[in-house]
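Below, each chain spelled out in residue letters.
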Amino acid sequence: MNSSVIIFPGSNCDRDMDVALKKFGFKNQMIWHNDSELPKSDLVVLPGGFSYGDYLRCGSMASKSKIIDSVIKFAKSGGLLLGICNGFQILTETKLLPGALLRNKYSKFICKNVFVKINNSENKYFKNLKKNVLELHIAHNEGNFFCSNDQMREIEDNNQIAINYCDQKGQVEDNFNPNGAIKNIAGIFNKQKNILGMMPHPERMIDNYLSGEDGSFFFQNLINNLK
Amino acid sequence: MEVNENIAIEHGLKKTEYKKICDLLKRIPNITELGIFSAMWNEHCSYKSSRLHLKNLPTKGKKVIQGPGENAGVIDIGDDDAIVFKIESHNHPSFIEPYQGAATGVGGIMRDVFTMGARPIANLNSIHFGSPQHKKTKNLLRGVVQGIGGYGNCIGVPTVGGQTCFDESYNGNILVNAMTLGLVKKNKIFYSKAAGINKPVIYVGSKTGRDGIHGASMASAVFDEKIEEKKPTVQVGDPFTEKLLLEACLELMAGDSIISIQDMGAAGLTSSSIEMASKGKLGIELNLNKVPCRESNMTPYEIMLSESQERMLIVLEKGKENQAKKIFDKWNLDFSVIGKTTNTKKIELFYDEKKIAEIPVDTLVENSPMYDRKWKKTKLPQKNKFNKENFKNLKISNILNKILSNPNICNKEWIWEQYDHTVMGDTIQKPGSDSGIVRIHGTNKAVAASVDSSAIYCFAHPLTGGKQVVCESWRNLISVGAEPIAITNCLNFGNPEKDENMGEFVECVKGLGEASEYLNFPVVSGNVSFYNETKDKGIKPTPTIGGVGLIKNYKDMITMGFKESGNIVLVIGKTEGSLDQSIFAREILNIKSGPPPEVNLFNEKNNGETVLNLIKKKLIKSAHDVSLGGIIVAIAKMCIKGKKGIEIKKTKQLINQFQYMFSEDQGRYILEIKKENYKNVKEILNKSSVHYDEIGTVLDNDIVFEDKTKLSVDDLELSNNIWLKKYMEK
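Just so you know, the sequences run in chain order A and B.
In terms of the numbering used here, the first sequence opens at residue 10 and continues consecutively.
In terms of the numbering used here, the second sequence opens at residue 2 and continues consecutively.
To be clear, the hints were calculated from the coordinates, so they are not data collected in a lab.
Only a predicted model underlies this, so the values are computations on that prediction, with no experimental measurement involved.
Ideal placement from N, C-alpha and C gives every residue a C-beta, glycine not left out.
Be careful, since some hints might not be right.
To give a feel for the contact side, a few chain B residues facing chain A, derived at Cβ under 10 Å [claimed, not checked]:
| id | residue |
| --- | --- |
| 1 | Leu-395 |
| 2 | His-422 |
| 3 | Met-558 |
| 4 | Asn-614 |
Derived DMTMM-like pairs: lysine to aspartate or glutamate, alpha-carbon spacing no greater than 20 Å straight-line [as the list claims (entries may be wrong)]:
| id | chain 1 | residue 1 | chain 2 | residue 2 |
| --- | --- | --- | --- | --- |
| 5 | B | Lys-187 | B | Asp-330 |
| 6 | B | Lys-606 | B | Glu-518 |
| 7 | A | Lys-117 | B | Glu-418 |
| 8 | A | Lys-75 | B | Asp-330 |
| 9 | A | Lys-121 | B | Glu-418 |
| 10 | A | Lys-104 | A | Asp-183 |
| 11 | B | Lys-556 | A | Asp-183 |
| 12 | B | Lys-726 | A | Asp-183 |
| 13 | A | Lys-121 | B | Glu-414 |
| 14 | B | Lys-446 | A | Asp-159 |
| 15 | A | Lys-117 | B | Asp-330 |
Whenever a hint applies, use it, and build me the whole structure from the sequences.
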C-alpha cells in the first residue's frame, strides 16, 4: 500500500505519521507543499502541526497551497484522504469537510489522552475494527468543532460523524468533551466516507511505552481494509 | 550625537567602565560604538560579576564533549550520538510581558541548541512566581504557561518536564528558565568559532526590527516603578519562522559549507558577530545596508542592538553562497551576505559606504570588566528544638491532605496539559514524573532530564542549598533508572552589588561545584541572571539545575507508581528527622528558621549508585526520591500514581513519627520490590553499607497506618489535584 504525507511549512507531526505508516506496512512518501503532483497513493495524509504558523486562521493558508489542487482531485475521485488535527482544520478550510474548528472552549491548548467512540464503521477507516472505543491523544488549541444547524442536519442525515469524545465505557457526555465541540464531535467524514478529519492523533499511540496502543489498532485495521 | 559620560551611564555603564572604554580606544567612542560596548559589557553578556567564581566549577568529564563557552554543552551518549543541552533564563522580559517573554525564552534556548547542529528533542522549564495571593501572580502564571506552550507546541518539540514554585520573594521578579535537549551525531557538531579570512558572513532568518533593543541591558538592571515603560524592549516571538529556520539550518548543516554558526540572542548582531570573531581570533567586517530590516530608516545603532528573534549568523565556505541561498529560499527565509571575515582582529561596520565603527575585538571580550565583588558569608543557622508540644493535636492524615494541596507540592497538570508533551512520538515519561524521558529515535536508548531548584534551602544556607539542588537533580535521574551524566545551571540571584546577594551567589556556586565534583556530574552549560530585584527587594537565591542522564535500554526505565499489592516498600537512606526548613515546619508549625537538611555527599553517592545497581539488576518495581514533604508525601504520590495503597509498618525508629514522616533528610529513595527479591536486595544494600527501613507493603487501596487509621488514596488524589485548577479557573 502506498501512502503520501504532505509537508507544509510548519507541519510538525509529519515525521510521526511517517513512522506510524511505515510501522504498519505502508510504503510512505513525504510530499512537499510546493509540488504540484501527488504520486500514486492509496492514502494521503495531511498531518498535524501549525501549517504556515496557523496565521490568519488554522489551516487556511495551507488550503491555498500548490499541492492542494491535486489533493482535492485525488479525494474527489474517491481516494482515501485523512487529516489529523491541523490536517482536519485544512480539510474544513478547503471545504472538503463541512464545519469549522474554533478555539477550545476554555481558551487553552490541551494535550492529553481522551476516549473516542466510533460512530460509523461502514467505511475503510473503521470497518472490522475490534474495538468500539479507542483511547487516543489530543494536542490542540482549536479543536472545538462547530457548524450551522443546516450543516449538522446534513452531517447526521448522511451519518458523517466519525468519532465522538466519550468516557472509557463509550458514554458520550458533556463531561468528556475536552474542547466544547458540538455533539462531542472529534472527527467527521465527507458524504462518501473516503475523507476523514479528526482531532486525535493515532500516530502518537503506536506502542505501549508511549501514551497507549490504540493507534496501532487504527493503522493495522486501515491497512488490512485497503489490502 | 556626541558621546559623553552621562550618555554612557544611561547605557548602564559605570563611570570607570566608560573611562576604560576611552582608554582602550584611545578616543571617545561614537554612539554606535558605545552601544556595542554597553551590550557586550553588561552583566548578561560579560558575566563580569560571576566569571571569577564560575571558573571553579567542574566542567570536565569522560562524557563531556563540550563544556561551557559554546552555545550549549554537549555530552556523549554512546554510539555516534551526542546530546546538546542548556538552560537559560528569561526572567525580566517575562515579568513585563509574560506571554512574549516566556515564548521568546523558549525560542532562544532552542536556537542555542540547533545552532550546534542538534535537532531539539525535549524541552523543560522551571518557573517561579510570587505568592498565589499576590495580585499579579495569576495573570503572570497564565501568560507564562501560554507563552511557553505557544512557542514549543508550534515548533513541535515535546515539553517533557518542569517545575513550578510559588514564594513571595518572586512577587516583583518572576523566574522563567527554559531548557532544551537536542540530538546530534558526534561528527556533525557545529561551533561558533570562525576560521579563515575573506569568508562570507551570512545573515539568515527573520528581518531585523526595532524590538528588543537593549534587552540584555534590561536583564542587567534592577526594576523600578517605571518597568512598564520597558515593554518595547521585550522581543516578540514568531515560532513559525523559528520552525522554518530550524529545518533550513539542519538542511544546510547536512552539507559541508558551514564554517561556524551563531544564533543572534542577547545583544543580537553585536554579540553574535563579536563572539565568532573573538573565538576565531579574527576580524569581521559588516555592511549594515545589507541587513534585512523590517522597518525603514533603522540606524546602525538600532541594527546592531536589535534583539529581533529567529535570526542566525553564519560564516560560510566561499563559493557555497548560492547553494546555501537555495535552501533558505525554499523555506522562505531571508538570506543575505552582509560581510566577511578579516585578519584585522577588529569589528568594522560600514553604512552608506562610510565606516561607522571600528573596535578591536579583544577590547570587547578579553578586556571586558571583571569584578571581584565583596560578598558576605551566611552563617549556618541554629537548629530548632522540636518536642511533643510542637506536635500536640496534630494528625498525620490532616497534615498530609494539607501538604498535598500546597501550591508547591500539588499536581501541576493544569500547567503541563497546555504543553504538547507527546509530539515526536518518543516521550516515554511525561511531566509529573521524577524525570521526563524521551527515546533516542530509532534506538533502544533514552535520555532522562529533570529541572530542580530549592530556594528555601539556598536562602537558609546557600552553601548547603547549592549542594542539595545538585543532589536532588541526581536523585531524580536515578529514580527513573537513568545514569546521571551532566548538568546545566541557571543561576538566578539578586543584585550582585549587594554583599548579601553576592554572598548567596558565591556560596551557592561553591556548594553546587562541590556536589557536582563529588558526584562526577559536571556542569557543561549555563547562564547567570542577576538583578532579580524590584524596589530593593531581591529574590531568594535560586540556582536551577537541569540534569541529564542516559538509559541504555528504555524498557528498563522505572516509574514511580506502585505496581502490585503484596510488594515490599523500603526507604533507602537514613532518616534523621531534621524538620528545619521542611514544608512541615514552615507550613504546619509555622517555624521558618533553622538550617536546611544536611547534605552528606558520601551517602548521596553511595545510596544513589546502589539504587541504580538494584535497578540494573531488575530488582526494583517502582522508585521515587524523597524530597519536599518527606517520606509520607513521597509514598502518597506513589500511591496516587499507581492507584494503589500501602500498609505502613510500625517503624523501629526512635524519633517521633512526625519527624520520621515529614523530615526532608537528603539522600533518600522509596523503592518497591517483590517479596521474593527481598533477600537479594537486602544483601546488596548491606554489602554497600546503605541504610534502609522496611516501611510497609503495597495494598490495593487506602493508606493504612499502624494505629489502623485509614486514608483513602482517592481523597488524597483529590487534595493533590484540586488546588491549581481551582486557583486558575475560579
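Right, here's what the structure says about each hint:
About 37 Å separates the beta-carbon of Leu-395(B) from the nearest beta-carbon of chain A, more than 10 Å, and the hint is not met. At a threshold of 10 Å, the smallest CB-CB gap from His-422(B) to chain A is about 6 Å, leaving the interface hint in force. A cut of 10 Å between beta carbons decides the hint on Met-558(B): the least distance to chain A is about 8 Å, and the hint holds. Taking 10 Å as the C-beta cut-off, the interface hint given for Asn-614(B) is violated, the closest approach to chain A being about 23 Å.
A threshold of 20 Å between alpha carbons decides the hint, and for Lys-187(B) with Asp-330(B) the separation of about 28 Å lies outside it, so the pair is violated. Between Lys-606(B) and Glu-518(B) the CA atoms are separated by roughly 11 Å; this keeps the pair inside 20 Å, and the hint holds. Taking the CA atoms of Lys-117(A) and Glu-418(B), the gap is near 9 Å; set against the 20 Å cutoff, the hint holds. Our distance criterion of 20 Å between C-alpha atoms is met by Lys-75(A) and Asp-330(B), whose separation comes to about 16 Å.
A hinted pair counts as satisfied when its Cα atoms are at most 20 Å apart, and Lys-121(A) with Glu-418(B) qualifies at roughly 6 Å. Distance restraint check for Lys-104(A) and Asp-183(A): the Cα-Cα separation of roughly 27 Å exceeds the 20 Å cut-off, and the hinted pair is therefore not satisfied. Between the alpha carbons of Lys-556(B) and Asp-183(A) the distance comes to roughly 37 Å, so the proposed pair goes past 20 Å and is violated. Distance check on the hinted pair: Lys-726(B) and Asp-183(A) sit about 19 Å apart at the alpha-carbon level, within 20 Å; holds.
This hinted pair checks out: Lys-121(A) and Glu-414(B) have alpha carbons roughly 10 Å apart, not beyond 20 Å. For the proposed pair Lys-446(B) and Asp-159(A), the alpha carbon gap of about 53 Å is over 20 Å, so the pair is violated. Only pairs whose Cα atoms come within 20 Å are accepted, and Lys-117(A) paired with Asp-330(B) is rejected, the gap being roughly 34 Å.
When the structure is compared with the earlier hints, violations turn up for hints 1, 4, 5, 10, 11, 14, 15 and for no others.
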